[in-house]
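Two chains, each in its own frame: build the complex with the hints.
As given, the protein sequences belong to chains A and B, one line each in that order.
Following the numbering used here, the numbering of the first sequence begins with 2 at its first residue and continues without gaps.
Following the numbering used here, the numbering of the second sequence begins with 440 at its first residue and continues without gaps.
Hints were generated in silico from the structure; no laboratory data involved.
Remember, predicted model here, so these are calculated numbers, not experimental data.
Treat each hint with caution, since some may be false.
[Said to hold, decoys possible] In silico SDA-like pairs for lysine to any residue, Cα to Cα no more than 25 Å straight-line:
#, chain 1, residue 1, chain 2, residue 2
1, B, Lys473, A, Ala131
2, B, Lys569, A, Gly13
3, B, Lys569, B, Arg633
4, A, Lys162, A, Ala131
5, B, Lys473, A, Ser90
6, B, Lys569, A, Ala131
7, B, Lys473, A, Leu92
8, A, Lys162, B, Arg582
9, B, Lys569, A, Ser90
[Claimed, not checked] Coverage of chain A stretches by chain B, computed from C-beta distances (three or more under 8 Å per stretch; other residues unrestricted):
#, region
10, 79 to 91
11, 132 to 144
12, 149 to 158
13, 175 to 189
[Claimed, not checked] Which bits of chain B does chain A cover? Going by a derived footprint, with three or more residues having C-beta under 8 Å, they are:
#, region
14, 472 to 483
15, 525 to 536
16, 551 to 558
17, 569 to 576
18, 585 to 597
For glycine and all other residues, C-beta sits at the position ideal for the given N, C-alpha and C.
Listed below, chain by chain, are the residues.
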Amino acid sequence: MNGVHDMGGMQGFGRVMPEPDESLFHESWESRAMAVTVAMGACGQWNIDLARSARESLPPAIYLSSSYYEIWIRALEQLTLERGMVTASELSRGQMQDPPRPVARVLKFDTVDAALAAGTPTLREATSPARFAIGQHVRARNIHPQGHTRLPRYVRGHTGKVAMVHGAHVYPDSHVDRSLPPFNTHAEWLYTVVFEGPELWGEGAGAQVQVSVDAWEPYLEAVL
Amino acid sequence: MSDHHHHTHGPDEPSHLSEMDVRVRALETLLTRKGYVDPAALDRIIEIYETEVGPHNGARVVAKAWSDAAFHDWLLQDATAAIASLGYSGRQGEHMVAVANTPEVHNMVVCTLCSCYPWPILGLPPVWYKSAAYRAKAVMDPRGVLADFGVTLPEQSTFRVWDSTAEVRYLVLPMRPPGTEHLNEEQLALRVTRNSMIGTGLALTELA
Numbered sequence: 002m003n004g005v006h007d008m009g010g011m012q013g014f015g016r017v018m019p020e021p022d023e024s025l026f027h028e029s030w031e032s033r034a035m036a037v038t039v040a041m042g043a044c045g046q047w048n049i050d051l052a053r054s055a056r057e058s059l060p061p062a063i064y065l066s067s068s069y070y071e072i073w074i075r076a077l078e079q080l081t082l083e084r085g086m087v088t089a090s091e092l093s094r095g096q097m098q099d100p101p102r103p104v105a106r107v108l109k110f111d112t113v114d115a116a117l118a119a120g121t122p123t124l125r126e127a128t129s130p131a132r133f134a135i136g137q138h139v140r141a142r143n144i145h146p147q148g149h150t151r152l153p154r155y156v157r158g159h160t161g162k163v164a165m166v167h168g169a170h171v172y173p174d175s176h177v178d179r180s181l182p183p184f185n186t187h188a189e190w191l192y193t194v195v196f197e198g199p200e201l202w203g204e205g206a207g208a209q210v211q212v213s214v215d216a217w218e219p220y221l222e223a224v225l
Numbered sequence: 440m441s442d443h444h445h446h447t448h449g450p451d452e453p454s455h456l457s458e459m460d461v462r463v464r465a466l467e468t469l470l471t472r473k474g475y476v477d478p479a480a481l482d483r484i485i486e487i488y489e490t491e492v493g494p495h496n497g498a499r500v501v502a503k504a505w506s507d508a509a510f511h512d513w514l515l516q517d518a519t520a521a522i523a524s525l526g527y528s529g530r531q532g533e534h535m536v537a538v539a540n541t542p543e544v545h546n547m548v549v550c551t552l553c554s555c556y557p558w559p560i561l562g563l564p565p566v567w568y569k570s571a572a573y574r575a576k577a578v579m580d581p582r583g584v585l586a587d588f589g590v591t592l593p594e595q596s597t598f599r600v601w602d603s604t605a606e607v608r609y610l611v612l613p614m615r616p617p618g619t620e621h622l623n624e625e626q627l628a629l630r631v632t633r634n635s636m637i638g639t640g641l642a643l644t645e646l647a
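One chain only, chain B, in its complex shape (with noise of 0.2 Å):
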């Protein structure tokens, strides 16, 4: 398939389409004509990850927790079914387990083998989670990766990082922030970032 990019395009065509444009264009194209795909079918779940299902589903979770101490207690005992009372489960989040952060213990999540993320309250997962630098690092030198991103933890803090091998899929709880004790769900729920709920960060002192 290597020939592919060497097409001439007319005035009205993308000056360049990648290898992989063409390559996956014409795998949609032929898996379409067998019938075995349906393009709506495409177009639909494109929109559920770009507009419906990301990481504020998780934040709503979050705050919900920070403010509900019976549902925190849920989340914690079990996270699948407390997760789905907000009307968030499926695919890649069948079995759903909540970590919480604590002063002492530091919860990181990873997938050394693949890129098994909870899809349902994260979305997809961003380039950073699937590359090779954090699958090897993460395990290996927990504190090292949250310097990449720009955090330092206390000293005495204990990393706890979690290898998603299987369908498990886990959800970071991270500590609520100081200050934060007048803030609603809502507001609360604009502190929780993606990355906290994966280990990669924390939870927003302020808003940027």
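The following block holds chain A by itself, in its conformation from the complex (with noise of 0.2 Å):
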């Protein structure tokens, strides 16, 4: 989706701020937010590409005048509604009224350091042969879905060039695909692909300025 989450080149949002005593959390509800995110994922109930699709649809005005642990909260409301684990009435009352969904797992207190050490790798044995090498010419397909992908907008259409092979990772434009378990866990190969400034933003800009984006290989076409 060319949604407002896609943010490379834009102009306009001013400088960098850093902060100079940044603290961790900036609200006490931040660290909460941040750990009822990343338990409801351990529910098993979405995948990491579903809780992007939910962030990225959230209506534009309100992405962008969101913060980052804010939005987290609004898709995670968003993917516990949709799948009827809490109802609209529920979450404005914070209370329950029906009894709860079946849920893959949940993380539990003991569970939580392995959870994490663990992660949830991408990476799939390979089912065919990596069309692309390295050092080979490639162009980002000039492709708008209207679903989830990861294909940033500031490379299509644009030529680069292979500079890694990462293997076989699963396919997030088809990783949505069911908004339950089981999910198209579809692997297509993944490369770093490195284009030149001036390719991206114009002659005289970019000089001296190399930018690669992770693409699977859907997302790139051969150059004669």
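What follows is the structure, given as structure tokens:
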């Protein structure tokens, strides 16, 4: 989706503002928001791409005017609502009215450390040979999917060079096919593709700048 | 939910709960009552990222790479395994790649699409990393971003920006500051700033 989350190369946001004495959390609710988002992810009722898709699908004005943990909470409300895990009435009252839906698992205190240390690897056994090789020129396809994708707009239609081949990784665009488990974990070859600054930003711009994205094979086409 | 912040509070309660405070508390309470989350697990998650997992992990990785040539090469060849050998692995660091700064090339890491960040070695991302300004500007004007952090590199430097659009997470291996030849790993780690491992800063030539 060509959403406002796809920010690479946008202008007008001003300078980057480092904080002199930054704290990990800036409001008391932020740590709870982070933890509840992580813990609810562990329930297995959605995957990382469905979570990203929920965040990207917030109304653009809401997305742009929310802090990042606020985006997480708004998306978490949507994710739980869409699956019937909570109801709008329960959310507004903060009280349980309907019985819970079954979930794949619940992250308990004594499993937190192991779960975080394990993570959720996305590397899969490849079922076909890689189409592209290191050093090869490729073009990011000029595609505009309605749904979730991880191909940023600023590289679409531009030519770059394959710098790394990472093996086959779960393909985000189809990882969101089903909203409940079992998810579609189809994998595609993943490449780091490097673009020269002027190719992305025009002649005279971006000199001495190289930018790479990690792009799945369906995002790319061969350059003859 | 807009009416929540008009609650009145007793004398022992905070005088003001923000709308988000109320919203997150209500959500956590509801999800706990439903049995989806264990509040003790939430406490533990917070404790881990507040006290155990943070940039000091990454600093240890960098300091070891500066001091140990074999580890340096392993880190650049297979960062996931090299970093795991120091005990750092997992969520948001499942597939690691380390990229080394040189006198000619300065690396910078961004996630233009969301906030992807190598949690096991850097902890939770700072606000600026998730900000629209950084996500928009890093891929177009990395030199300008560095200037926003008060850092200037020689004119001839090439900027190499890594947009983390997949589940690969990047660690910048900053250049070892001059005059640190006599320092051991522990001392070297103190020279490694969080920003130097993202590419919005440099390792410290001297301790503040």
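Verification of the supplied hints:
{"no.": "1", "hint": "B:Lys473 x A:Ala131", "verdict": "violated (45 Å)"}
{"no.": "2", "hint": "B:Lys569 x A:Gly13", "verdict": "holds (16 Å)"}
{"no.": "3", "hint": "B:Lys569 x B:Arg633", "verdict": "holds (15 Å)"}
{"no.": "4", "hint": "A:Lys162 x A:Ala131", "verdict": "holds (15 Å)"}
{"no.": "5", "hint": "B:Lys473 x A:Ser90", "verdict": "holds (14 Å)"}
{"no.": "6", "hint": "B:Lys569 x A:Ala131", "verdict": "violated (33 Å)"}
{"no.": "7", "hint": "B:Lys473 x A:Leu92", "verdict": "holds (12 Å)"}
{"no.": "8", "hint": "A:Lys162 x B:Arg582", "verdict": "holds (22 Å)"}
{"no.": "9", "hint": "B:Lys569 x A:Ser90", "verdict": "violated (32 Å)"}
{"no.": "10", "hint": "79 to 91", "verdict": "holds (count 4)"}
{"no.": "11", "hint": "132 to 144", "verdict": "violated (count 0)"}
{"no.": "12", "hint": "149 to 158", "verdict": "holds (count 4)"}
{"no.": "13", "hint": "175 to 189", "verdict": "violated (count 0)"}
{"no.": "14", "hint": "472 to 483", "verdict": "holds (count 11)"}
{"no.": "15", "hint": "525 to 536", "verdict": "holds (count 8)"}
{"no.": "16", "hint": "551 to 558", "verdict": "holds (count 4)"}
{"no.": "17", "hint": "569 to 576", "verdict": "holds (count 8)"}
{"no.": "18", "hint": "585 to 597", "verdict": "holds (count 5)"}
When held up to the earlier numbered hints, the structure conflicts with 1, 6, 9, 11 and 13 and fits the remainder.
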